[in-house]
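Chemist: Residues per chain are reported as follows:
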Amino acid sequence: MKGYVWAALAVAACTAAGLALRERIDPVNIAMLFLLAVMVIALHFSRGAAIATALAAVSVFDFVFVPPYYSFAVNDGQYLVTFGIMLTVGLVISGLAESARNAARARAALSVEAETERVRSALLSSISHDLRTPLAVMSGASSSLAERGEQLAPAERRALAESIFKQSRDMAEVMGNVLQMTRLETGAIELKRDWASLGEIAGSALDRLAGRLAQHRVMLDLPADLPLVRVDATLIEQVLGNLLENAARHTPAGTLVRLRAARRDAELVVSVEDFGSGLPPEDFKRLFAKFHRGGGEAAGGGIGLGLAICRAIVLLHRGRIWAEQLPGGGTAFRFTLSVDQAPQPPAEEA
Amino acid sequence: MSGPAPTILIVEDEPEIRRFLRASLATEGYRVVESASARRGTIDAGTHKPDLAIVDLGLPDFDGVEVIRRIRSWSSMPIVVLSARIQESAKVEALDAGADDYVTKPFGVGELLARVRAALRHATRSPAGTILGLGASRIDLEKRRVTREGAEVRLTPVEFKLLACLAKHLGLVVTHRQMLSEVWGPSHVGHTHYLRIYMKQLREKLEADPARPKHLVTETGVGYRLLADEA
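If you read the protein sequences in the order shown, they are chains A and F. Counting in this note's numbering, the first sequence runs from 5 upward without gaps. Counting in this note's numbering, the second sequence runs from 56 upward without gaps.
In short, the hints are calculated from the structure, not lab data. Incorrect hints may have been included.
List time: in silico EDC-like cross-link candidates among lysine to aspartate or glutamate, alpha-carbon distance up to 20 Å [said to hold, decoys possible]: (1) F:K160 <-> F:E148; (2) A:K196 <-> F:E69; (3) A:K196 <-> F:E274; (4) F:K198 <-> F:E214; (5) F:K255 <-> A:D225; (6) F:K160 <-> F:E69; (7) F:K255 <-> A:E102; (8) A:K196 <-> F:E148; (9) F:K269 <-> A:D225; (10) F:K255 <-> A:D229; (11) A:K6 <-> A:E102; (12) F:K255 <-> A:D344; (13) F:K223 <-> F:D151; (14) F:K160 <-> F:E285; (15) F:K255 <-> A:D198; (16) F:K269 <-> F:E237; (17) F:K260 <-> A:D229; (18) F:K160 <-> A:D225; (19) F:K160 <-> A:D174; (20) F:K160 <-> A:D211; (21) F:K255 <-> A:D236; (22) A:K196 <-> F:D151; (23) A:K196 <-> A:D344; (24) F:K216 <-> F:E197; (25) A:K170 <-> F:E71; (26) F:K269 <-> F:E259; (27) F:K260 <-> A:E352; (28) F:K269 <-> F:E166; (29) F:K216 <-> A:E352.
Here chain F stands alone, though its shape is the one from the complex:
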């Protein structure tokens, strides 16, 4: 990463959780700003202009989803959500409200740091013009060209749109709703079966073992995630 160290805002009411977040984010060289409430976090997001926000969903004063909505009303900064297992539906709500990814408590820092890195990368880089490697498959988004072991793979227009939609959020989860809305249009957001059928087709064309996908990953109950080989 070039330029000054990215600043990360933590909106989390539990001081013990803030403590280990602060410690592990610092080891990666990030600057850390901490807010202990939703209200404070919304203000700090405006005054500190962080490069990324980590928002806990269970805040005492008001809902973390509301924090995300307020930040999204003026900023496209990446947001990673911390959710407890009990908040399964709140997690999807947070993602649809504009959060970029989530980590479920309890989590290991390795998982969180990976999400943070992917979200920061997403914010600073446009995926067009990059060539993605998915094992033996290569995807050139700009030229709309897909190969597998060097041989051309023919994707239907919808398959390509779907792949491009996931590639736009490389490494990050994309909800069913976002995918359906982007590929088929907002009137199709309830048609999850389209995704099931097309993701199967895509995996058969791109994955080495379509039953155990390594790149077109299922996030059960939430959406999908595209994982590319590290460039």
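Okay, chain A solo, but in the shape it has when bound:
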């Protein structure tokens, strides 16, 4: 429909231009103007719109610009030739444009397919590594307990059982991440925004990760007058948890991990900063991509979904997330949350 409107506009514009120029140029060249209109419409819109433009162009040209003026009483069968040419040009060009558009669509579909394929094979290799190892430990340790339990020293029995417990926890985490990423990508997660305190969320995330951060010095640096935020607290806690875990995983024991927040205009900038050796510059681009693992597999564990999940959650909150090199050589991961004014609770008579 839009094509036909543009067709009418184009023909009208050519008519106006032709009227303005008729004293100075030949009718043949005015016909060229109309041909131009047909080309443009054919290039951008449907074949039908191109045919309509050609028809309208020839009619108007004949009516307005061919003597006797303002009549169709043409002795000139020759304008059928004009029409024929315009029609042919219109059809050829709209055909070319159409196939070019199809090719572009196919290319786009193909690259999506390639990306999906890349992600799928990365997922498979991650899963086979991250699940196979704990599974091997679990079946080995549990069968030792079941078949040789009586011959084992109590301390050894306990160690085996504990390693089964630990491995199963890790595996649950991997599964949880894969599941969460899928849910975020398919839009199966709906944001449950409610008033939340970043201080509480941070405290809870740090508690949950106390074990992972035991070898690091942890600093929580939040201003006392931090405003409340309207967020999905469970998801934001997951973002903080993933960033903290990442910091613990990729920096040496004994270094500092700092969680801080600062208000910047209508935003809160939340940061997890580490003081490890930093990241190679080429990593900054791919950092938040799925199945990107910093430092290769040797860096240990992690399926490469943590930061991708962070990114998806922050985007869902309409915030931004990025990584920065810190002057001392460490890395800062920062994200923003928008600040709204929370209403005050009813005043109390003291």
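Following the hints, position chain F against chain A.
Modeler: Here is chain F on its own, set in the frame of chain A:
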């Protein structure tokens, strides 16, 4: 615990999960009754009159939340819910329907047994008349008196009500909705920001490190939990 061993009902369809629950509950001296479906569990709750029920939320025949509603219609027995991580909202629904606490699968038995103990204690003992120790802070609920390192701490009436509400469910999670309804009234259940503001004030008055609370604990997305020192 005096008197006969408490009976615990397990409503869970997975036999392997029932197996380790049964084994670990038995080591604590509890008697165990098992139901493999929601329907069966609702009936067993009536015939066995257990002291506590452990209810899985993902049951095959009908919803675990419905089991809780049916039990609650005639009994105040403590109920601890087992939920998978995917059932985040069902968990809050179960708590608001009357469950006393939850454990998220996969869990270690230590965590579950702690919840079971807290829920049984809650059922058999009234918190009024007890003095709660929260680190350096002492709370006398009956006399409405709070001290910290021996010095009097002044709480506003709302702060005290909030603290008393959590103390009533000592060791157990209390949902935002329950707290708002109990302290401000049922028309305020959506005003979560009241809780954020008052919990911060309470922590500043009672916790040694308000940013990393040990006693007024956040259960993100669910509510709060008051943990006192073991008496």
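Chemist: If a hint holds in the structure, say so; if it does not, say that too.
Modeler: Outcome of the hint check:
no.	hint	in the structure
1	F:K160 <-> F:E148	holds, 17 Å
2	A:K196 <-> F:E69	violated, 31 Å
3	A:K196 <-> F:E274	holds, 15 Å
4	F:K198 <-> F:E214	holds, 15 Å
5	F:K255 <-> A:D225	holds, 16 Å
6	F:K160 <-> F:E69	holds, 12 Å
7	F:K255 <-> A:E102	violated, 64 Å
8	A:K196 <-> F:E148	holds, 14 Å
9	F:K269 <-> A:D225	holds, 18 Å
10	F:K255 <-> A:D229	holds, 11 Å
11	A:K6 <-> A:E102	holds, 16 Å
12	F:K255 <-> A:D344	holds, 19 Å
13	F:K223 <-> F:D151	holds, 16 Å
14	F:K160 <-> F:E285	violated, 26 Å
15	F:K255 <-> A:D198	holds, 17 Å
16	F:K269 <-> F:E237	violated, 23 Å
17	F:K260 <-> A:D229	holds, 16 Å
18	F:K160 <-> A:D225	violated, 33 Å
19	F:K160 <-> A:D174	holds, 13 Å
20	F:K160 <-> A:D211	holds, 19 Å
21	F:K255 <-> A:D236	holds, 19 Å
22	A:K196 <-> F:D151	holds, 17 Å
23	A:K196 <-> A:D344	holds, 16 Å
24	F:K216 <-> F:E197	holds, 12 Å
25	A:K170 <-> F:E71	holds, 19 Å
26	F:K269 <-> F:E259	holds, 12 Å
27	F:K260 <-> A:E352	holds, 17 Å
28	F:K269 <-> F:E166	holds, 16 Å
29	F:K216 <-> A:E352	holds, 13 Å
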